[in-house]
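Colleague: The lines below spell out each chain.
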Amino acid sequence: MRSLPLANLLHHKVGSAFSAMGIGIGVCMMVTLGGLSRGIVYEIADRWEGVDADLIVYPRKVGESVTMLTGAGISDRYEEVLPQKYPGKITRITPVFLWQMRLAGQSQMVAGITNKDMDVITGGAKAVAGKNSFSPTIPWQQLMDRTEKSQRLAYVRIHGNEDDFVFDPQPHDLRKAGWLEMIIDERLASAGNYAPGDTVEAAGATWTIAGIVPAGVLSRVIIPRRTAQYLFGGSVEQSTILFIKLVSDEPPGPVARQLADDLQQQVVPLAAYREMLLKQFGVFFVYVDAVNTVAIIIAVLFIMVVLYTMVLQRSREIAILKSFGSTNRFIVTQVLTEAMILTVTGAIIGISLALLSGWLIGKFMPLMTVSITPQWMAAGLAAAVFGALISAIYPAWRATRVDMLGALTYE
Amino acid sequence: MNDILTASNLYKSFGQGAGKVEVLRGLDINVARGEFLAVMGPSGCGKSTLLHVLGLMTNHDEGSITFNGSDIPLAASARAEIRRKSIGFVFQRFNLISVLSAEDNVEISLKVRGATPKTPVNDLFEAMGIADVAARKPSQMSIGQQQRVAIIRALAHSPEILFADEPTGNLDSESSAALLQLLGIINRETGQTIVMITHSANAAAHADRIITMSDGKC
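Sequence order for the protein chains is A and B. Heads up, the first sequence is in my numbering, so the first residue is 6 and it goes up one at a time. Heads up, the second sequence is in my numbering, so the first residue is 0 and it goes up one at a time.
Worth flagging that the hints you see were computed from the coordinates, not collected in a lab. Predicted, not measured: the structure shown is a model, and the values here were computed from it. Misleading hints may appear alongside valid ones.
[Stated by the list, open to error] Calculated cross-link-like contacts (lysine-lysine; reagent style DSSO-like; alpha-carbon spacing at most 27 Å):
#: 1; chain 1: B; residue 1: 136; chain 2: A; residue 2: 18
#: 2; chain 1: A; residue 1: 131; chain 2: A; residue 2: 121
#: 3; chain 1: A; residue 1: 66; chain 2: A; residue 2: 94
#: 4; chain 1: B; residue 1: 216; chain 2: A; residue 2: 18
[Stated by the list, open to error] Residues from chain A shown here face chain B by an in silico Cβ test under 7 Å; the list is partial:
#: 5; residue: 10
#: 6; residue: 322
#: 7; residue: 328
#: 8; residue: 329
#: 9; residue: 405
#: 10; residue: 407
#: 11; residue: 410
Note that the Cβ used here is the ideal one computed from N, Cα and C, for glycine as well.
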């Protein structure tokens, strides 16, 4: 025997399809928005956690804005000093100069590093195209080094010391240099349709793409550290942050506290970065969750209207069941079953649409990350089912109040 | 005689105040077990209301009804229980569920009643001569076929009493005659108690006993 709720839904195919689609759009919106907002942040956190280090050092003055940090702040000399000072604890220091650059239509984080530190931030991944290191002799950088040295010597000759010496490369120096190098990740390459050897305009200069590394490295754009310092940091040998690799059995927490006291800088375990990021995006998540909540409320009201209308339209059918002596429980079960069939169908449509949206976003906007996880799908289904149960209560109650005789006699 | 149903001094009215209409006015009636009773009367005399009251589909205002020697309770759940177990109803407009097949219309009645038919539903369709339309929806059947499905549905759970409200009201003369003959056979062969409302003398002639209503009384 075909169940009455299913028979009703199949009999009113267009109405059922629209209702399920309405629920599906609500679920799709919830899963996609949730997956998009969390996905972007989690992807950044994943990239940072992929760095082969245990601690991050950043300037104390920055406070909690480490996730937005750029420019010069901490001396590169720590790279040599700290391993010597803590020989049994620290094995490696990686200074990274962070900056922002607009590429492929949006702002990208840029990491300035040296060739020898490439393995730290790429996890040793090989280039998928081109090379995963910069040319050992970059003409422009060599020129800058020579120019700075000669200008510094000239300054000392004139002033007797170099205390107030400022090296300020001029645009004609850049033009003389001719080219700069960058390495990008494959998602940026896909978004900008870039290939090794291509030149791009960014941050007021022309860059040549030296290579493409797999997605998941610290930043989508990697440039030589000294180049970054010359261009964006006034040539000082300072970086934005330091990554510290500890001896394997050293606990990050206590070492972080010791270093923070010693350096008078902020030192946090790399594992805490995700939490810092989530805290920073907390308000953003509240907005997204508020939008999702509104979507769910609209979906619940939508289901309620659909079911209420259904009950009104089927009062004769309900009256027939009552004439058989049907219990209220049986009638309520019919309404709830119909709501559940609609809702689960809608949720499946919604999750399918969300997966499709995720795929389309990934294909056409590769820099955006949609994290449609089983947890989000389960949450979408659970919200829809819970919402349907809540919204079906009143229509189900109304169904039990149908005037049997009136419906059978006068309709 | 062994009465399955008796009602005495029944009153039933609709509306209130100046608009109040008294439909049953101190009506007495008894139905013997196994009899085929026809209730006749002009339109508006209260025949259908009587059937609805006796079929426990609506409450009476005053009077008493006993079913199998017990007073009918007023609680809706108890009355629904009696409807489920002991009463079958055939409506003038059949009241089949339009989205279900003929067979499923019978099955859902059995499901609601928690009953297992003594005779398989397929055999009932076979016996009624409509086995070929069992899978069809009401809109795909003739009026006569729909009424037969309604009768199968009303009898499948073996009720103690079958109420039929103008069962031939929507049928042509040929189908009416066939249906009345069928009800007569069911009554004679199975001892099924039937109370039929009709305004047709020809239809009433198929019954064992005829009572006539006038102004809310028999």
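Colleague: Hints first: check each against the structure and report whether it holds.
Modeller: How the hints compare with the structure:
{"no.": "1", "hint": "B:136 - A:18", "verdict": "16 Å, holds"}
{"no.": "2", "hint": "A:131 - A:121", "verdict": "14 Å, holds"}
{"no.": "3", "hint": "A:66 - A:94", "verdict": "26 Å, holds"}
{"no.": "4", "hint": "B:216 - A:18", "verdict": "49 Å, violated"}
{"no.": "5", "hint": "10", "verdict": "10 Å, violated"}
{"no.": "6", "hint": "322", "verdict": "5 Å, holds"}
{"no.": "7", "hint": "328", "verdict": "6 Å, holds"}
{"no.": "8", "hint": "329", "verdict": "4 Å, holds"}
{"no.": "9", "hint": "405", "verdict": "10 Å, violated"}
{"no.": "10", "hint": "407", "verdict": "13 Å, violated"}
{"no.": "11", "hint": "410", "verdict": "5 Å, holds"}
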